[in-house]
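In the order they appear, the protein sequences are chains A and C. Quick note: the first sequence uses full-length UniProt numbering, first residue 1, plus one each step. Quick note: the second sequence uses full-length UniProt numbering, first residue 1, plus one each step.
If you're looking for bench data, these hints aren't it; they were derived computationally from the structure. What you are looking at is a predicted structure, and each value in this text was computed from that prediction instead of being measured. One thing to keep in mind: the hints can contain errors.
Negatives, chain C to chain A, calculated, CB over 12 Å [said to hold, decoys possible]:
hint	residue
1	Val115
2	Ser121
3	Ala151
4	Thr174
Cβ-Cβ distance ranges computed for the label pairs, FRET-style [stated by the list, open to error]:
hint	chain 1	residue 1	chain 2	residue 2	range
5	A	Ala62	C	Gly175	29 to 35 Å
6	A	Ala161	C	Arg165	53 to 59 Å
7	A	Arg26	C	Gly175	40 to 46 Å
8	A	His46	C	Arg231	51 to 57 Å
9	C	Asp154	A	Asp63	19 to 25 Å
10	C	Pro235	A	Arg26	36 to 42 Å
11	C	Arg165	A	Gly227	48 to 54 Å
12	C	Leu254	A	Gly39	37 to 43 Å
Each residue gets a CB set at the ideal place from its N, CA and C atoms; glycine is no exception.
2 protein chains.
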Amino acid sequence: MTATGGGRPTVTSRVLDILEAFSADRAALTITEIGRRAGLPLSTAHRLVGELARWGALERDADGRYRVGLRLFEVAALAPRGPALRTAAMPFLEDLYEATHENVHLAVLDGLDVVYIERISARDAVHVFSRVGGRWPAHATGVGLALLAHAGVDVQERAIAAPLRRFTDRTIATGAELRRVLAEVRRTGVAISDGQVETFALSVGAPVYGPDDAVAAAVAIVVPSDGWDARALIPVVRASARGISRALGAPRALRSPETARHDR
Amino acid sequence: MTATGGGRPTVTSRVLDILEAFSADRAALTITEIGRRAGLPLSTAHRLVGELARWGALERDADGRYRVGLRLFEVAALAPRGPALRTAAMPFLEDLYEATHENVHLAVLDGLDVVYIERISARDAVHVFSRVGGRWPAHATGVGLALLAHAGVDVQERAIAAPLRRFTDRTIATGAELRRVLAEVRRTGVAISDGQVETFALSVGAPVYGPDDAVAAAVAIVVPSDGWDARALIPVVRASARGISRALGAPRALRSPETARHDR
Numbered sequence: 001m002t003a004t005g006g007g008r009p010t011v012t013s014r015v016l017d018i019l020e021a022f023s024a025d026r027a028a029l030t031i032t033e034i035g036r037r038a039g040l041p042l043s044t045a046h047r048l049v050g051e052l053a054r055w056g057a058l059e060r061d062a063d064g065r066y067r068v069g070l071r072l073f074e075v076a077a078l079a080p081r082g083p084a085l086r087t088a089a090m091p092f093l094e095d096l097y098e099a100t101h102e103n104v105h106l107a108v109l110d111g112l113d114v115v116y117i118e119r120i121s122a123r124d125a126v127h128v129f130s131r132v133g134g135r136w137p138a139h140a141t142g143v144g145l146a147l148l149a150h151a152g153v154d155v156q157e158r159a160i161a162a163p164l165r166r167f168t169d170r171t172i173a174t175g176a177e178l179r180r181v182l183a184e185v186r187r188t189g190v191a192i193s194d195g196q197v198e199t200f201a202l203s204v205g206a207p208v209y210g211p212d213d214a215v216a217a218a219v220a221i222v223v224p225s226d227g228w229d230a231r232a233l234i235p236v237v238r239a240s241a242r243g244i245s246r247a248l249g250a251p252r253a254l255r256s257p258e259t260a261r262h263d264r
Numbered sequence: 001m002t003a004t005g006g007g008r009p010t011v012t013s014r015v016l017d018i019l020e021a022f023s024a025d026r027a028a029l030t031i032t033e034i035g036r037r038a039g040l041p042l043s044t045a046h047r048l049v050g051e052l053a054r055w056g057a058l059e060r061d062a063d064g065r066y067r068v069g070l071r072l073f074e075v076a077a078l079a080p081r082g083p084a085l086r087t088a089a090m091p092f093l094e095d096l097y098e099a100t101h102e103n104v105h106l107a108v109l110d111g112l113d114v115v116y117i118e119r120i121s122a123r124d125a126v127h128v129f130s131r132v133g134g135r136w137p138a139h140a141t142g143v144g145l146a147l148l149a150h151a152g153v154d155v156q157e158r159a160i161a162a163p164l165r166r167f168t169d170r171t172i173a174t175g176a177e178l179r180r181v182l183a184e185v186r187r188t189g190v191a192i193s194d195g196q197v198e199t200f201a202l203s204v205g206a207p208v209y210g211p212d213d214a215v216a217a218a219v220a221i222v223v224p225s226d227g228w229d230a231r232a233l234i235p236v237v238r239a240s241a242r243g244i245s246r247a248l249g250a251p252r253a254l255r256s257p258e259t260a261r262h263d264r
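All chains, please: the whole structure from these sequences, using the hints.
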């Protein structure tokens with residue numbers, strides 16, 4: 001697939017296909033591998049990779065393989081839904097982390113997936129699959145359910161109609177169940193994913209609102225199912241979500257009494 | 001400047017110039033502004049920005065201005081010197097943060113600048129200029145001095161010969177002084193920047209080693225000069241740096257007795 005979505009690939013789309021050739025499990029590639037994965041003739045891959053490397057979008061390591069470069073990290077740090085969002089949220093994520101010393105997630109919705117913007121994990125925290133910059137189907141996770149529940153009706157209906165990937169026997173498996181859960185999340189203001197990604201992990205998530213009072217992100221705490229009660233985590237996750245919303249300038253968080261209590 | 005470094009700009013270099021048009025203080029740009037900053041005809045800017053936006057490298061906001069997109073954040077998350085390094089370091093940065101509840105920095109060297117990979121700050125921490133993805137002259141900061149002291153001789157000599165930007169009257173101002181300080185950092189294993197960026201901030205940094213036992217990054221703690229003694233921070237910063245080096249698989253951190261003590 002090219003950035004132009006069909007038709008004769010442009011140079012721009014080829015450059016983007018080269019960037020797309022890299023993935024978490026393929027973070028270091030030779031020019032031949034890049035060419036193959038991007039569907040480019042070796043000579044073209046050579047020329048474009050050379051330009052990308054000179055600029056710093058790619059870095060060549062000692063054994064001649066290429067990796068994503070620091071310069072791209074610098075540019076990406078300007079993404080409003082990336083580090084910019086993360087920076088506003090970080091102090092509150094810290095507070096949330098210190099409340100449990102397990103895992104804290106900050107994520108945004110992209111299509112029917114969540115993309116993790118931040119993850120804070122203790123060395124001995126319960127294992128989670130999330131990775132900063134990583135994607136995960138929204139229907140299975142605490143952050144994802146919090147985001148889906150407040151997404152546009154069209155997005156919600158697409159999620160309800162879509163095949164729901166199953167991770168455990170507790171993963172939401174039918175559109176009807178997802179519809180019910182999303183309504184529940186809107187009613188309670190929190191999303192609970194208990195053993196729906198991994199049987200031993202419990203996630204409690206809450207929506208984060210932006211300056212336009214629309215949901216901009218979601219924050220969640222992930223702990224071992226065994227030994228934790230979701231109800232005990234709801235207040236702190238909710239307070240954290242409100243704090244981040246306030247930091248983002250969400251009117252509803254500025255006027256909310258819960259926020260006032262949180263501030264005292 | 002284009003990615004090809006002169007000559008007729010290629011499409012690739014134009015795409016990269018478009019990305020380069022965005023900066024921390026210019027995070028949202030109209031197509032006209034992008035064209036002007038990237039030195040492109042409006043029609044060209046229109047076409048290239050359109051392709052970048054379709055792929056997700058740029059995002060168009062409600063008022064029609066463009067920002068760096070989430071997709072670029074996803075790709076940049078694969079940069080080994082970016083989030084990958086950060087992920088290995090994070091648990092140790094957490095420990096370091098909890099030791100002072102001020103500021104913790106993780107940075108790498110790029111030319112004569114440091115680029116901040118991670119920053120953890122308490123809401124009420126002493127003010128620091130650092131920003132994830134941001135750059136700062138290496139000679140002024142704790143992380144920077146720790147990195148420069150262990151950089152190649154050519155890099156050190158360039159730094160010593162270069163004009164040294166002055167931030168306060170305590171900023172290292174002469175090549176001779178910088179040379180002396182770098183030798184001191186190598187001798188003690190820690191770098192101290194006291195009031196050299198802002199008069200009221202004290203930074204203590206230490207080098208982080210990679211799998212090849214070369215310095216891969218530096219970690220630092222930044223606290224108010226007033227009320228903190230650098231000597232009290234040296235052990236915890238050193239222990240943190242060794243812990244991160246060990247997590248990165250640095251042989252010297254695996255065999256070091258200090259590390260063993262740190263593990264007990």
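Comparing the hints with the structure gives:
A cut-off of 12 Å between C-beta atoms contradicts the statement that C:Val115 is not in contact with chain A; the least separation is 6 Å. The claim that C:Ser121 lies off the interface is violated: its Cβ sits roughly 7 Å from the closest Cβ of chain A, which falls inside the 12 Å cut-off. For C:Ala151, the condition that its CB be more than 12 Å from all CB atoms of chain A holds, with the nearest at approximately 15 Å. Under the 12 Å C-beta cut-off, the non-interface status given to C:Thr174 relative to chain A holds; the minimum distance is some 29 Å.
At about 31 Å, the beta-carbon gap between A:Ala62 and C:Gly175 stays in the expected band of 29 to 35 Å. At roughly 58 Å, the beta carbons of A:Ala161 and C:Arg165 sit within the given window of 53 to 59 Å. Here the CB-CB span from A:Arg26 to C:Gly175 is close to 44 Å, well matched to the stated 40 to 46 Å. Separation of A:His46 from C:Arg231 is about 53 Å and conforms to the stated range, judged on CB atoms against 51 to 57 Å.
In this structure the supplied range 19 to 25 Å holds for C:Asp154 paired with A:Asp63, their Cβ-Cβ distance being about 22 Å. With their beta carbons about 40 Å apart, C:Pro235 and A:Arg26 fall inside the hinted range of 36 to 42 Å. Checking the proposed 48 to 54 Å range against C:Arg165 and A:Gly227 shows it holds: the Cβ atoms sit about 53 Å from each other. Between C:Leu254 and A:Gly39 the beta carbons are some 42 Å apart, a value that agrees with the proposed interval 37 to 43 Å.
In summary, the numbered hints that this structure violates are 1 and 2.
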